[in-house]
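Here the protein sequences line up with chains E and B, keeping their order. Residue numbering for the first sequence follows this note's numbering, starting at 1 and increasing by one per position. Residue numbering for the second sequence follows this note's numbering, starting at 1 and increasing by one per position.
Keep in mind that the hints are not guaranteed to be accurate.
Same chains, same label: a pair holds when it works inside one copy or across any pair of copies.
[Unchecked claim] Derived pair list, reagent style PhoX-like, types lysine-lysine, alpha-carbon separation capped at 25 angstroms:
id	residue 1	residue 2
1	K415	K120
2	K415	K369
3	K106	K369
4	K223	K120
5	K223	K106
6	K120	K106
7	K415	K223
8	K369	K223
9	K120	K369
10	K415	K106
These are computed hints drawn from the structure, not numbers from a lab.
The residues making up each chain are set out below.
Number of protein chains: 2
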Amino acid sequence: MVANSSCEILCIGTELLLGNITNGNARWLAEQLAALGVPHLRQGVVGDNRERLIQAVRAAAGRCRLLITTGGLGPTPDDLSTEAIAAAFGVPLVEHPEIWADIQAKVSARGGVCPPSNRKQALLPEGAEVLPNPCGTAPGMIWSPQPGFTVLTFPGVPREMRAMWEATAVPWLTAAGLAQGVFASRMLRFWGESEAALAEQMADLLALENPTVAPYAGSGEVKLRITARADSQAAANALLAPVEAELRARTGNSCYGSNDDSLASVVLALLRSRAESLAVAESCTGGGIGAALAAVPGASDVFLGGVIAYANSVKQTLLGVPAETLASHGAVSDPVAIAMAEGARQATGAHWGIAVTGVAGPGGGSAEKPVGLVHIAIAGPAGSSSEGLRFGANRDRHLIQTLTCGEALNRLRLKLIPGI
Amino acid sequence: MVANSSCEILCIGTELLLGNITNGNARWLAEQLAALGVPHLRQGVVGDNRERLIQAVRAAAGRCRLLITTGGLGPTPDDLSTEAIAAAFGVPLVEHPEIWADIQAKVSARGGVCPPSNRKQALLPEGAEVLPNPCGTAPGMIWSPQPGFTVLTFPGVPREMRAMWEATAVPWLTAAGLAQGVFASRMLRFWGESEAALAEQMADLLALENPTVAPYAGSGEVKLRITARADSQAAANALLAPVEAELRARTGNSCYGSNDDSLASVVLALLRSRAESLAVAESCTGGGIGAALAAVPGASDVFLGGVIAYANSVKQTLLGVPAETLASHGAVSDPVAIAMAEGARQATGAHWGIAVTGVAGPGGGSAEKPVGLVHIAIAGPAGSSSEGLRFGANRDRHLIQTLTCGEALNRLRLKLIPGI
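The following block holds chain E by itself, in its conformation from the complex (with noise of 0.2 angstroms):
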């Protein structure tokens, strides 16, 4: 790897400096960068301040064949990314005009009027190219202002910086030769299993250097990713399928899917596969799983809906559940939530239904029913069942609604699949 194929992230922002956000754009852009193989040596955050921004870029420029850099393209004074960059070279600005008609076009078809202070968002260094932002205002540029040195500018905002790192940066590095080597990379995704308990169970893959193994976790969800590096396509994948298959014949039915599935996609392509439509019935979550059936395009067609019976009095009126059910056993009981499933199929037709009730906290918890206890029941065309759950009263309030979410998506998934 010779020094001046090297890659460094520099961030830009005052909030990263006063710590109100962290800096989630520096660890996504390093995971891209070493999945191409762009060796990354450095990074480093300044704040929206003209002179030790243009310090930062003549030091990388001194280092570097490569700089990304985010934040400060914004329209808003504090926003000299752009003016600053060209300034640590020397370079007037100059503007395009056909980035300032793109702004005005993408504002006023959003029923906006376009700022006068939108239009320094069309100036670029001279001799620079424009990097564009599907979809944002915003635009970054691909600018080598001396030889063997090249900046590449994105916006701060998460979701506009990822898009136009796909679009546009990756497309750029493959043909300027500084991804080098490809690789192949699969994120297997587990429900269901502890971080340790997996790398346990994998010590000998997570030892392995081509493909590696790494786990990441977070809320519930464990992933392992298996990177692969090899001189073409075809071969870092040929490396990377036995590992893949070792995993998921250790893990079975514990992974869920890969790559961008989510618990809903999965359940949803079940579904379809069978024919079959679903239907929510959520207190404890108050919408939540039906929020991640309607985020999967084309969910239509197999999620039909349900009720957020989040008062007792819906879980009544709407789903059916007995008054004497909810008295005797209580909102936070199997029978309530068999009761909620079973109102949800009927209520609209579904084949399946799924129902969670629960406490999640931090109010309303009792020794007999704490905070984290939530009963998940799934009714489905040959009957229903339920089971409670304690998630831990030290877990908070968005944990628990998430853990539900996820562990009722799972329970139906493993229900579905064909043989268990």
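Got chain E; can you put chain B on it based on the hints?
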């Protein structure tokens, strides 16, 4: 603030450059420094590489008063922070017998045997003081290798770093006179304004130096953070208050809250103060509005629930939307949105109903009803109204759903504010 009271953070670890972990330590330390009034101007990340670490330490020593490092203090060969920092100033390492005794005692207290590799953790540069680690074996150091420059080293394990920071670093910073004054900050939250329009309206305030006012944007919401610095908390608050009052006066009702408020929490509080209740009827958001409401602790005294009417059949059966209305206007229309909102009120007995129906995409759009078209209705005790909005077909499904949720909650908020 004189330049030589400034601080930089340097995080050391190849896992950061590979994107395996997010740099949460940098954010946490940045927040702590801001709270102590220590000006923090730069952050850096380098891998476990001796040469680049030495370069980074030397560069910081030429710029700042205080360098805080995290990572690279462990017993393994890739942990080389202490040794490289000493080498940056040409100072030899000396063993501290009391550290080695402490490490051995800690390991044997856990029933372990201390491997010889741990012994390197007892080495510090000549003249450095120990920064004790109350919950791990790796101590840090406080070292001033040259006049006007001090380095504090911390392990990368967040729990250990935080405990050491609070127990030792904060008292040291205060005693050294680096914790200058205190900060007060307030985040004001806006819906329905673009960042550019808000910044234009606030141009004079964005130019202030103390307090500072800085804008942030993301997914439909815009925020303005006001930060004041003074010698005491009371003085900082006194600087902040008039700027906050001026911002609120200029922006009126587009400022929906501050700090940890969300649109959902503000709507719930407004309804609670009127002893009124709320239900939702969601088509294209699939439960997202309900989930946002249920995310707020204590929502249940106001939020009753509602219907996820993803399929048209559910709009008819659970919300009573007439088949003729659906047939003649289509599901994405004002008459259907109004019927849904009124249906939610009737089905649940709530005072207020919010309904949304739209084309979230990427499929399902037409020339007449493009992706991004959403109709939002509010039904209340005094009647109902609906409006069609175009969020733009170039926005992705997730953002269209997020904007729809926010816009629906904001419309109800505006109806609930006294005097509108």
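Cross-check of the supplied hints:
In this assembly of identical chains, K415 and K120 lie within 25 angstroms of each other by CA distance neither inside one copy nor across copies; the values are 56 angstroms within and 37 angstroms between. In this assembly of identical chains, K415 and K369 lie within 25 angstroms of each other by CA distance neither inside one copy nor across copies; the values are 27 angstroms within and 38 angstroms between. Taking the shortest Cα distances, K106 and K369 sit within 25 angstroms of each other only across copies (18 angstroms), while inside one copy they are farther apart (52 angstroms). Taking the shortest alpha-carbon separations for K223 and K120, only the inter-copy value of 21 angstroms comes in at or below 25 angstroms, while the best intra-copy value is 42 angstroms.
Taking the closest pair of Cα atoms, K223 and K106 come within 25 angstroms of each other only across two copies (22 angstroms); inside a single copy the shortest separation is 38 angstroms, beyond that limit. Within a single copy, K120 and K106 get their C-alpha atoms as close as 15 angstroms, which meets the 25 angstroms cut-off; across copies the closest is 59 angstroms, which misses it. In this homomeric assembly, K415 and K223 come within 25 angstroms of each other (Cα to Cα) only inside a single copy, at 22 angstroms, whereas the closest approach across copies is 45 angstroms. In this assembly of identical chains, the alpha carbons of K369 and K223 never lie at most 25 angstroms apart, being 32 angstroms within a copy and 39 angstroms across copies at closest.
Taking the shortest Cα distances, K120 and K369 never come within 25 angstroms of each other, neither inside one copy (58 angstroms) nor across copies (34 angstroms). Taking identical chains as interchangeable, the C-alpha atoms of K415 and K106 are never at most 25 angstroms apart, the minima being 46 angstroms within one chain and 29 angstroms between chains.
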